[in-house]
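Chains as they are written, first to last, in full-length UniProt numbering: chain P, 1 to 263; chain S, 1 to 447.
Treat the hints as calculated values from the structure; they're not laboratory data.
Please note: incorrect hints may appear among the correct ones.
With a straight-line cut-off of 30 Å between C-alpha atoms, the simulated BS3-like cross-links for lysine-lysine are [unchecked claim]:
1. K366(S) to K199(P)
2. K206(P) to K149(S)
3. K240(P) to K149(S)
One letter stands for each residue in the lines below.
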Amino acid sequence: MAEAIKVPTMAEYMAQGKSPEVLFWVGCAGSFDDRAKKITKAFVKLLAKAGVDFAVLGTEESCTGDPAKRAGNEFLFQMQAVTNIEVLNAYEVKKIVTACPHCFNTIANEYPGLGGNYEVLHHTQFLKALIEEGRLTVEGGKFKGKRITFHDPCYLARANRIYEAPRDLLKKLEVELIEMKRCKTKGFCCGAGGAQMFKEPEPGTKDVNIERTEEALETKPEVIAAGCPFCNTMMTDGVKNKEQEGKVEVLDIAEMIASAEDL
Amino acid sequence: MQYLPNILFVIALAAGVGFFVLNIKKLIRNIKLGRDEDRSDNKPQRLKNMAKIALGQYKMVRRPVSGIVHVLVYLGFVIINIEVLEIIIDGIFGTHRIFSFLGGFYDFLIAVFEIFALLVLVGVIIFWVRRNILHIQRFLNREMKGWPKLDANLILYFEVVLMVLFLTMNAADLTLQAKGAEHYANTSGIIGSFPVSQFIAPLFENLSISTLILIERTAWWIHILGILVFLNYLYYSKHLHILLAFPNTYFARLKPQGQFDNLEAVTNEVKLMMDPDADPYAMPEEGAEEEVPAKFGASEATDLSWVQLLNSYTCTECGRCTSECPANQTGKKLSPRRIMMATRDRIEDIGKNIDANKGSFKDDGKQLLDDYISREELWACTTCNACVEACPVGINPLSIIMDMRQYLVMEQSAAPTDLNNAMTNIENNAAPWPFNQMDRANWINEN
Chain P
1 MAEAIKVPTM
11 AEYMAQGKSP
21 EVLFWVGCAG
31 SFDDRAKKIT
41 KAFVKLLAKA
51 GVDFAVLGTE
61 ESCTGDPAKR
71 AGNEFLFQMQ
81 AVTNIEVLNA
91 YEVKKIVTAC
101 PHCFNTIANE
111 YPGLGGNYEV
121 LHHTQFLKAL
131 IEEGRLTVEG
141 GKFKGKRITF
151 HDPCYLARAN
161 RIYEAPRDLL
171 KKLEVELIEM
181 KRCKTKGFCC
191 GAGGAQMFKE
201 PEPGTKDVNI
211 ERTEEALETK
221 PEVIAAGCPF
231 CNTMMTDGVK
241 NKEQEGKVEV
251 LDIAEMIASA
261 EDL
Chain S
1 MQYLPNILFV
11 IALAAGVGFF
21 VLNIKKLIRN
31 IKLGRDEDRS
41 DNKPQRLKNM
51 AKIALGQYKM
61 VRRPVSGIVH
71 VLVYLGFVII
81 NIEVLEIIID
91 GIFGTHRIFS
101 FLGGFYDFLI
111 AVFEIFALLV
121 LVGVIIFWVR
131 RNILHIQRFL
141 NREMKGWPKL
151 DANLILYFEV
161 VLMVLFLTMN
171 AADLTLQAKG
181 AEHYANTSGI
191 IGSFPVSQFI
201 APLFENLSIS
211 TLILIERTAW
221 WIHILGILVF
231 LNYLYYSKHL
241 HILLAFPNTY
251 FARLKPQGQF
261 DNLEAVTNEV
271 KLMMDPDADP
281 YAMPEEGAEE
291 EVPAKFGASE
301 ATDLSWVQLL
311 NSYTCTECGR
321 CTSECPANQT
331 GKKLSPRRIM
341 MATRDRIEDI
351 GKNIDANKGS
361 FKDDGKQLLD
371 DYISREELWA
381 CTTCNACVEA
391 CPVGINPLSI
401 IMDMRQYLVM
411 EQSAAPTDLN
421 NAMTNIENNA
431 APWPFNQMDR
441 ANWINEN
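Starting from the given sequences, assemble the full structure and let the hints guide the process.
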C-alpha cells in the first residue's frame, strides 16, 4: 500500500509467538475484486490509525462457503467451513472482524455448529466500538451535511438485526441521512445474495439492482453508502446504468470515514 | 315433541364438531408426513412469540390499514365467540339467554358483542373492497386466480351473513322482550343492551309475535348452523390460519434469520473425509446404513419437515411476502406465497392419495419439484429473508426454497451453469472467481 501500512499475517504473528487483538477476515471480494479491494485498504488504514493490533490470514484464507451454501451445495460449504475452522482454531483466533456481511453471517452463525466459535464483528460494529473507546476519532470532514442514503445489506440487517451500527457511523460523519422508503427490516435486496452474484438473473421485467438503485436515487443522494462489497458492486452497476456515476458515488462506510479523515 | 329443537341442535352440534375433529386429525396426519425436526427448545421464548405475534397481532399492524382492520375483525371473532357459548347452552337446554343472571355485566357484554359485530361488518366490507375493487397488486398475482380469490371472498360473505344474522336475532329478541312475549320477556325488564340492533328493531315493530319468533328462531338457527359450517370450511380454506397461527408462531425458528441449518448428514461425511485417521475401506458399522438419508434436500413435500408443512397449512395467502420479494417485484416468476400454496397443494394431494389407497401412498407420477414448484422459481431467490420478515404468522418460505435447491445441486447436479462454475472455483481455488489462492494477499502490496 502507498503508505506502506504493515499488514501482518497470522503466520508471521505465530512465528513471533504473538497473537493479534483481532483477525481481519478479508473475504474473496475484499481480496480479489478491484472495487472491493479499495474498501479493504480503507479499512486497514483505519485499523492502523486506531492502533489496532490486527492480522490477516493472507493466502491461508479461503471462501467461507456462503455462496455454495446458498446455492444449495451443503457439501462444498461444509468442506470450506471445516477447512477454515481448522486454520482459525490452529491460530487460536478469538475475535474476527470482516467488511463482508456474508462472511460475517456465515462465520458468526454457521461455523459454531461445526466447531468454530469466535466473536465476530462487522467492520461497522468494530469501527463504532473503536470510536466509543476513543481509539478512533471521526469528524464530518468532506461529508458533513451531504445528502446520503444507506442501503441495508440483507445479511447484516434482517439476517442479524444490525441496523444501527452503520447509521451511527454516518451520524458521526455528520451527514444528512435520507432513508429510502424500504429500509431496515423492509430493506430491499441489491440482488446479489443467495449466490445470485455469480449467475444471470431469471427472466423478469427488471434487474433487482436497478429497482434498488432507482429507489436510492429517489432520495437525491450525493453518496449511496453501503456496508457490503456485493451490494457495492450491484449499486455501482445500477448507478452506471442510470448514467448517474458523475453525480452519485457508491461508497462503503469505511471508505467514507477514511476519506473524511484524509487517510 | 317439545324437546325436538334441543335434540336437533345436539345432533347438529355433534355432527359439526365431529366432522371438524375428523378433519383436524387428517390435518395432523398430513403434517406428520413431514420429516422430524426438533422445536422443543426454549419454551418461554416460544410462548412469548406466540403471545406477541399470534395473540397480539404485532406483525399485522406493520401495515396499518390492513393491520388495524384485521385486528378489529380478529377481536370481533374472539369476543363474539363468547356469545356462541351462550347460544350453544341455550340450544342444548332450550333456555333463553342463560347468562342473563350476570345482570348489568350481561348488558355490557351484549353491548360489546353488538359493537364488535358492527365493526366486523365494516371491516369485512373494507376487506372486500380492497380485494375486489382497489387494484392492490398482492391480490392480483397469478397464484390468486380462481379458487384462492373465491375462497377469500367466500370467507368475507360468510362473515357478513353471520354478523347480519346475529344482529337480526338480537333485534327480533329485543322486540319480543318489549312486547312481553312468553319465553322471551323477563319480569325484571329488558335483558341485554342492544346499541346496534335497537336501530333494526323499529323495522319489526308492527310484526306479530309469531312472525317475530319465526324471525328470531330462523336467525338463531342459521347463525349457529352457519358457524358450524364455517368451522368445517376452515380445513378446505386459507382461513385455517385462525387456528394454526398459534402453533405456527410457537414452533417458528428462533435463530437469526441469516443462519441456515447445517445438514448433519453432510457434517458426518465431511468429518470422515477430513479425518486423516479414517479408514477409507472401513465397513459401515452395523445399523449405520439406516442413518444415511435417502436424499439430500427436498424434491417432495414429504422431504420437508413437519414445521414447513405446518407453515404451508397456516398460510392465509395475504401476499405480504410476495409484495416484498425482490425477485417477484422485478417480474420474476418466484412468489414466496406461491411456494407455500404449492407445498400445501402437494401435501393435500398426498393426503388424499393415502386416503384413497387405504392408508398407503400410491405413486401418482408427480412430485413437489417441477410438478408444483418450478426450478425457475427456486433459482430466482436472493435469500434476502424479506418474505420471512414480512410474514405476520412466522412462515419461512425461504427454508423450502433452500431445501429444494439442495436437492437440485446435491442429488441432481442441476445448478445453473454459472453457479456450477462459481462452485468449481471455490472447490479448486477457494474463491468463487478463478483467481489463484496464492494471489489472495496480493492486495497488501498493491497501490
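Evaluated hints:
Taking the CA atoms of K366(S) and K199(P), the gap is about 29 Å. The hint holds against a cut of 30 Å. Simply put, K206(P) and K149(S) have alpha-carbon atoms about 27 Å apart, close enough for the 30 Å limit, and the pair holds. Straight-line distance between C-alpha atoms of K240(P) and K149(S) comes to about 42 Å, which puts the hinted pair past the 30 Å bound.
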